[in-house]
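Chain order of the listed sequences is A and B.
The opening position of the first sequence corresponds to residue 72 in the numbering used here, with each subsequent residue numbered one higher.
The opening position of the second sequence corresponds to residue 72 in the numbering used here, with each subsequent residue numbered one higher.
Hints are supplied without guarantee of correctness; some may be wrong.
What the hints assert, rightly or not - Below 25 Å or equal to it, Euclidean Cα-Cα: the simulated PhoX-like pairs (lysine-lysine) are:
hint : chain 1 : residue 1 : chain 2 : residue 2
1    : B       : K85       : A       : K371
2    : A       : K93       : B       : K85
3    : A       : K210      : A       : K184
4    : B       : K93       : A       : K93
Claimed, not checked - Counterexamples of contact, computed for chain A against chain B with all Cβ distances above 10 Å:
hint : residue
5    : K139
6    : A185
7    : V190
8    : Q198
9    : P300
10   : A302
11   : L310
12   : Q346
FYI, nobody ran anything at the bench for these hints, they're computed from the structure.
Note that the Cβ used here is the ideal one computed from N, Cα and C, for glycine as well.
2 protein chains.
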Amino acid sequence: MALPVFDDVVAAAKRIEGFAVKTPLLEAPLLNAKLGGRLLLKAEPLQRTGSFKFRGAYNAISQIPADKRKNGVVAFSSGNHAQGVAAAAQMLGMPAWIIMPEDAPTIKIARTKAFGATVVPYDRYTQDREKMGLELQAKYGATLVKPYDDPNIIAGQGTIGLEIAQQCEALGVKPDAVVVCCGGGGLVSGTALALSGALPGVPVYAAEPVGFDDTKRSLEAGTRIKNDPDARSICDALLAPTPGEMTFALNSKLLKGGFAVTDEEVKRAMATLFQEFKLVAEPGGAVAATAVLAGKLPIKGKTIVAVVSGGNVDPATFVDALSLAA
Amino acid sequence: MALPVFDDVVAAAKRIEGFAVKTPLLEAPLLNAKLGGRLLLKAEPLQRTGSFKFRGAYNAISQIPADKRKNGVVAFSSGNHAQGVAAAAQMLGMPAWIIMPEDAPTIKIARTKAFGATVVPYDRYTQDREKMGLELQAKYGATLVKPYDDPNIIAGQGTIGLEIAQQCEALGVKPDAVVVCCGGGGLVSGTALALSGALPGVPVYAAEPVGFDDTKRSLEAGTRIKNDPDARSICDALLAPTPGEMTFALNSKLLKGGFAVTDEEVKRAMATLFQEFKLVAEPGGAVAATAVLAGKLPIKGKTIVAVVSGGNVDPATFVDALSLAA
Numbered sequence: 072m073a074l075p076v077f078d079d080v081v082a083a084a085k086r087i088e089g090f091a092v093k094t095p096l097l098e099a100p101l102l103n104a105k106l107g108g109r110l111l112l113k114a115e116p117l118q119r120t121g122s123f124k125f126r127g128a129y130n131a132i133s134q135i136p137a138d139k140r141k142n143g144v145v146a147f148s149s150g151n152h153a154q155g156v157a158a159a160a161q162m163l164g165m166p167a168w169i170i171m172p173e174d175a176p177t178i179k180i181a182r183t184k185a186f187g188a189t190v191v192p193y194d195r196y197t198q199d200r201e202k203m204g205l206e207l208q209a210k211y212g213a214t215l216v217k218p219y220d221d222p223n224i225i226a227g228q229g230t231i232g233l234e235i236a237q238q239c240e241a242l243g244v245k246p247d248a249v250v251v252c253c254g255g256g257g258l259v260s261g262t263a264l265a266l267s268g269a270l271p272g273v274p275v276y277a278a279e280p281v282g283f284d285d286t287k288r289s290l291e292a293g294t295r296i297k298n299d300p301d302a303r304s305i306c307d308a309l310l311a312p313t314p315g316e317m318t319f320a321l322n323s324k325l326l327k328g329g330f331a332v333t334d335e336e337v338k339r340a341m342a343t344l345f346q347e348f349k350l351v352a353e354p355g356g357a358v359a360a361t362a363v364l365a366g367k368l369p370i371k372g373k374t375i376v377a378v379v380s381g382g383n384v385d386p387a388t389f390v391d392a393l394s395l396a397a
Numbered sequence: 072m073a074l075p076v077f078d079d080v081v082a083a084a085k086r087i088e089g090f091a092v093k094t095p096l097l098e099a100p101l102l103n104a105k106l107g108g109r110l111l112l113k114a115e116p117l118q119r120t121g122s123f124k125f126r127g128a129y130n131a132i133s134q135i136p137a138d139k140r141k142n143g144v145v146a147f148s149s150g151n152h153a154q155g156v157a158a159a160a161q162m163l164g165m166p167a168w169i170i171m172p173e174d175a176p177t178i179k180i181a182r183t184k185a186f187g188a189t190v191v192p193y194d195r196y197t198q199d200r201e202k203m204g205l206e207l208q209a210k211y212g213a214t215l216v217k218p219y220d221d222p223n224i225i226a227g228q229g230t231i232g233l234e235i236a237q238q239c240e241a242l243g244v245k246p247d248a249v250v251v252c253c254g255g256g257g258l259v260s261g262t263a264l265a266l267s268g269a270l271p272g273v274p275v276y277a278a279e280p281v282g283f284d285d286t287k288r289s290l291e292a293g294t295r296i297k298n299d300p301d302a303r304s305i306c307d308a309l310l311a312p313t314p315g316e317m318t319f320a321l322n323s324k325l326l327k328g329g330f331a332v333t334d335e336e337v338k339r340a341m342a343t344l345f346q347e348f349k350l351v352a353e354p355g356g357a358v359a360a361t362a363v364l365a366g367k368l369p370i371k372g373k374t375i376v377a378v379v380s381g382g383n384v385d386p387a388t389f390v391d392a393l394s395l396a397a
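So here's chain A without its partners, still in its complex pose:
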């Protein structure tokens, strides 16, 4: 298993430059005063396709050799990787088939189609999406673009870590901690890899929904643990059954630990991001900020960077979260 290294993230940053958005690091002075610390949000809802997933997808797909491009790409995704892959493939003139759970948010399915991809629905709880991906791959000769367990995907997501380091330097601050949303672990492992080179010594944490805190529990156990198949969460982007093999190999070396947050805490955090940052976050995109706002990762007297990973949320879900606004 060839794990990505720091230089792969640097190369990915060059590859996505001019295609991905350098998202801002947002700050809310009144909230800082209330928290007694400084919370900086890396705002990936403002990324192309509304989530960080475009970074890894473009980094991976742009490296597919010329003679294989016409056969296109296949991906399986709950929605954000779907859009990232669809948009990157469209920009590179390639067809895309995306296997999506039939209960994915309407907006994510609609937008994946709008980026020109063919959506293939499946049942999240009874069908094996990885097997379906391999079948489609064989049928069309297309390249499978994995959602997280791939060196190019991890390196692409890691470009967020490089930007965090650059933006913190521009602000003249060294963060005391960085906390990152975690599903399969591609984003947090890539970000931690980038920070291990660009801001060495800064602890990096994974944040997950309760019931899907497989990375947290796996880090504690020292081995990969599966989630209870009966677990449910509103964080549709973070429902991977177990840590990736490659992502866990990185995370077990690079992460300081993990936090698990409840759906209720996530909704309150979404309302805070609305009020204080004017930012639309989806449930799964808000879990890292939730770890801070719900007090799991103490911020008093500290500067913490939280990655807000996406903003593709149905209006009804957002309205429900706003009912918890202070």
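Following the hints, position chain B against chain A.
The following block gives chain B in isolation, referenced to the frame of chain A:
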């Protein structure tokens, strides 16, 4: 009447550097495809205090001489200028009294207080806020910080125009038009002044709510016209009764024209900014984008910059707008 000139905007940009946020220019590829044009949003909800008003306030207040600073500042405002003045005064260690309409959004009153200011309520339809401002000014020896009819305020808001020019250059595009939200006219006149020097020849338009389209009608009449005192709109930030003397002197020279949009059109635009840009806009902050999205300013085949001027909106108002999401 000494009108501000282009160099005043350049000086303001230096003054606010490091204090105000250089807000991003956001883009939504799927929306562009649907519109058949390129819509770039200058995202001032991401500005310190959640609106552009901090720019002018900091530019004006930071120029108050040392011996007058301890007496503080007085301002009258429906809420965004209030927060801009309160935050700038707090950063400069000065007391602030803010005269606010008693029906201003709760969030705006609460946040003005949170920035350390003393809020003085008044009745928007029966009391004269300008007279109250002068009385408070006399009582405390404080400096009055006008909301728009002041060269330093106009120059400060105009820094948005300089940033638009820089950001368009970085993207390699020259916009076909720039459209700006308009209440008293400080933002649009400052932006047009900046663009007259930084992007000469690009037409600049004012966008206003129906019933409060005094700038549009005044431009057409060639003289300042008042709004009907019985007019109402959800765009609480844009309810000035008539164009400012100074802002109209600039706007009548610099603007190409104006657009009036309905509350219903504004709510639909707020829902689009939520879905496509993951950005929280308040009603008054969305009117310029509304002029494009509702088809008043045709975008097909063109690149248009719309300034989204603020995002300080109560959850209930936002939820109401989201009910119109497509």
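Comparing the hints with the structure gives:
Annotation: proposed proximity of K85 of chain B to K371 of chain A is violated, straight-line Cα distance about 33 Å (limit 25 Å). For a cut-off of 25 Å, the pair hint linking K93 of chain A to K85 of chain B stands: about 24 Å separates their Cα positions. Restraint check for K210 of chain A and K184 of chain A: the C-alpha separation of about 20 Å stays at or below 25 Å, so the hint holds. Restraint check for K93 of chain B and K93 of chain A: the C-alpha separation of about 13 Å stays at or below 25 Å, so the hint holds.
Here K139 of chain A stays apart from chain B, with its beta-carbon at least about 25 Å from theirs, past the 10 Å limit. With 10 Å as the threshold on Cβ separation, the claim that A185 of chain A sits away from chain B is violated: the shortest Cβ distance comes to roughly 5 Å. Even its closest Cβ contact with chain B, about 15 Å, leaves V190 of chain A beyond 10 Å, as expected for a residue assigned away from the interface. No beta-carbon of chain B comes within 10 Å of the beta-carbon of Q198 of chain A; the shortest separation is about 28 Å.
Listed as a non-interface residue, P300 of chain A keeps its Cβ farther than 10 Å from every Cβ of chain B; the least gap is roughly 32 Å. Separation of A302 of chain A from chain B is adequate, the least Cβ-Cβ distance of about 27 Å exceeding the 10 Å criterion. With a least beta-carbon separation of about 21 Å from chain B, L310 of chain A lies farther than 10 Å from that chain, consistent with its non-interface assignment. A Cβ of chain B approaches the Cβ of Q346 of chain A within 10 Å, the least distance being about 7 Å, so the stated non-interface status is violated.
Hints 1, 6 and 12 from the list above are not met by this structure, while the remaining hints are.
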